[in-house]
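Undergrad: As you go down the protein sequences, you meet chains A and B in turn.
Per this note's numbering, the first sequence runs over residues 231 to 559.
Per this note's numbering, the second sequence runs over residues 2 to 190.
A few of these clues could be false.
Only some residues are given here: those of chain A computed to face chain B with a beta carbon under 10 Å [claimed, not checked]:
(1) R233
(2) D237
(3) P238
(4) D247
(5) E258
(6) L265
(7) A385
(8) T389
(9) I392
(10) K428
Chain B is nowhere near these chain A residues, computed Cβ spacing over 10 Å in every case [unchecked claim]:
(11) T246
(12) T252
(13) R274
(14) Q348
(15) E354
(16) A373
(17) D383
(18) E390
(19) D510
No lab work stands behind these hints: they were computed from the structure.
Where is the CB? At the ideal position from N, CA and C, for every residue including glycine.
This is what each chain is made of:
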Amino acid sequence: MTRLLDDPTLARLSQTDPHPTTPLSGAEGARAEALLLRLTTTPRTPGRDRTRVSTKVRVRIAAAGVAAVAVVGASVLAVGPASATDVLMQAADGAAAQPAATSGEYWYVRSTVRDGSQLPYEREIWKSKDETVLRDGASAALAAAEAGADELDPALIRTERISDSTEGGTRPTTFGDETSLTWDELDALPTDPAKLRKVLDERLADYDVDPDYKLWNEITALLSESPATPELRRALWEVAATVPGVELLGTTADSAGHDGTAIELDLTARRLPRYTVVVDPTDGTLLESRIESGGQQLVDTLVDQGPTDTVPEVQPPLCGPGSVPETSC
Amino acid sequence: MRPHPAGGADADAAFSDFFRATYPDVLAFLRRRVEAHDAEDLAAEVFAIAWDTWDRAPRERRPWVFGVARNVAAGSLRARGRRQRLELRAATATLPSADETPTVGLDLRLAWSRLSDGDREALALVAWDGLTGREAAQVLGCTRAAFSVRLTRARRRLRAMVDDVDTAGAAVPSSARFPGTMLAEGDRP
Chain A
231 MTRLLDDPTL
241 ARLSQTDPHP
251 TTPLSGAEGA
261 RAEALLLRLT
271 TTPRTPGRDR
281 TRVSTKVRVR
291 IAAAGVAAVA
301 VVGASVLAVG
311 PASATDVLMQ
321 AADGAAAQPA
331 ATSGEYWYVR
341 STVRDGSQLP
351 YEREIWKSKD
361 ETVLRDGASA
371 ALAAAEAGAD
381 ELDPALIRTE
391 RISDSTEGGT
401 RPTTFGDETS
411 LTWDELDALP
421 TDPAKLRKVL
431 DERLADYDVD
441 PDYKLWNEIT
451 ALLSESPATP
461 ELRRALWEVA
471 ATVPGVELLG
481 TTADSAGHDG
491 TAIELDLTAR
501 RLPRYTVVVD
511 PTDGTLLESR
521 IESGGQQLVD
531 TLVDQGPTDT
541 VPEVQPPLCG
551 PGSVPETSC
Chain B
2 MRPHPAGGAD
12 ADAAFSDFFR
22 ATYPDVLAFL
32 RRRVEAHDAE
42 DLAAEVFAIA
52 WDTWDRAPRE
62 RRPWVFGVAR
72 NVAAGSLRAR
82 GRRQRLELRA
92 ATATLPSADE
102 TPTVGLDLRL
112 AWSRLSDGDR
122 EALALVAWDG
132 LTGREAAQVL
142 GCTRAAFSVR
152 LTRARRRLRA
162 MVDDVDTAGA
172 AVPSSARFPG
182 TMLAEGDRP
């Protein structure tokens, strides 16, 4: 206490403090900790507009507060700096707060792919329950790399239907890496993280690889290219937070310049890749996935995603009418 | 591309420690000056500014962040066309019981109401916000000597007004003089 309060007038005045400093309540502490987390995982922007800061921060508090209460509890001001788990749980809450898609026969995702020494290319995919249409520059990028060209040949960028054919038509579209979930199965996944984890483990049981590797792969696949509902995305991020070894790298920007937070799962000690995801914790968007293995890096950056009712006109396969894509060519 | 942590792990840890140490004080500082329901939003704004300018912050960060809070509060009040709310603790509606802690008397309340905003600010920084003279000077952006003069004058004016109210109120019945306050007569200095 300052010695100035030895003065009787000031000492008496000090007893009239309208709002004495008190320990934060559990809710106040949780909101404070959520604020701290958000600040320390956001790049510094000196000189930004103060009004905008205020509005943004208010949204941050509203979005992060509930999650922080659940995660950190009443003694939040005693915990350490933000961790990967904190960020993933914040992403879970942000994802759940997003509006659910209410229409659209197709789920559309547009991304940019950087694959090692090849030229970057765009990938667009439209998935309905029974049809998948893809337009990407993978073939053009490979051809350019082989020819030493410095630009993609637009003639090699095709829009093709890649749905699997069966005798009765086409196989249902599936989502995920190894779980191969149909749209209906995806919708039926539990949104309780423990139950979701159980279902994913069961679906992946026959896939005989490192359990952390296959779980992480599956979660990121479902988050990056599926019409998972906001509640399912929350649960997926919550399950991701349970994967051992996830590390917080810090704030960053994806290849498109969007601010996010980088989380890493380094499995190189198990002779597996090093994974990095860039997530926007405020809305749970998986902005970018990076996979490093054997000195090569594959980077997939989200450009746009959402429901749509329209798909572009499909072009014939490169090998001509009647050929089977990815088999004949 | 590599992630670019906002200021290095050490800086981030220092900011986190500073945040946790000062957030409750800054929140209380704001609650004394703005509507209570605005205080948390404004505290968030204060610490967002602190985060953004952390690398340029002076070595003495506690008075610095109070200075930021003062400016943020003033900006908010200006935006709403309101004056600062440096008011004494509100009186309760009940008369004191023997074991209750005395709080504020009518004499002090009336005296406070007659002070200028500048006098109130100087007094509040010391008596309520708990700042030293040197820290308060930094918050106000003046020299320590200038603050000392300002505080001394404010303190004298407050004491004089308390005495004035005390004298003038002698004829007022106690039930009317202390409506709902918790101050016993003998509590006065």
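Undergrad: Hint by hint, say whether it matches the structure.
TA: Verification of the hints:
1. Given hint, R233(A) at the interface with chain B, holds; its Cβ is 8 Å from that chain's nearest Cβ, closer than 10 Å.
2. Checking D237(A) against chain B: minimum C-beta separation of about 6 Å stays under 10 Å; hint holds.
3. Annotation: P238(A) was flagged as interfacial toward chain B, and the flag holds, the nearest CB pair being 5 Å apart, inside 10 Å.
4. Taking 10 Å as the C-beta cut-off, the interface hint given for D247(A) holds, the closest approach to chain B being about 4 Å.
5. The interface hint given for E258(A) is met, as the beta carbon of that residue sits about 7 Å from the closest beta carbon of chain B, less than 10 Å.
6. Annotation: interface hint on L265(A) holds; nearest CB of chain B at approximately 5 Å, less than 10 Å.
7. Hint status for A385(A) relative to chain B: violated, with the closest Cβ pair at about 31 Å, above 10 Å.
8. The interface hint given for T389(A) is violated, since its Cβ lies 30 Å from the closest Cβ of chain B, which is over the 10 Å cut-off.
9. Checking I392(A) against chain B by beta carbon gives a least distance of about 30 Å; that is not within 10 Å, so the hint is violated.
10. Interface restraint check: K428(A) against chain B, minimum CB-CB distance 33 Å, threshold 10 Å, status violated.
11. Listed as outside the interface, T246(A) is inconsistent with that label: its C-beta sits roughly 4 Å from the nearest C-beta of chain B, within the 10 Å cut-off.
12. With a least CB separation of 7 Å from chain B, T252(A) falls inside the 10 Å interface cut-off, contrary to its annotation.
13. Under the 10 Å C-beta cut-off, the non-interface status given to R274(A) relative to chain B is violated; the minimum distance is some 5 Å.
14. Here Q348(A) stays apart from chain B, with its beta-carbon at least about 17 Å from theirs, past the 10 Å limit.
15. Chain B leaves E354(A) outside its interface by the beta-carbon criterion, the shortest separation being 23 Å against a cut-off of 10 Å.
16. Listed as a non-interface residue, A373(A) keeps its Cβ farther than 10 Å from every Cβ of chain B; the least gap is roughly 26 Å.
17. Residue placement check: D383(A) keeps its beta carbon more than 10 Å from all beta carbons of chain B (closest about 27 Å).
18. At roughly 31 Å from the closest C-beta of chain B, the C-beta of E390(A) stays outside 10 Å, upholding its exclusion from the interface.
19. Consistency note on D510(A): stated as away from chain B, and its beta-carbon is indeed over 10 Å from all of that chain's, at 14 Å minimum.
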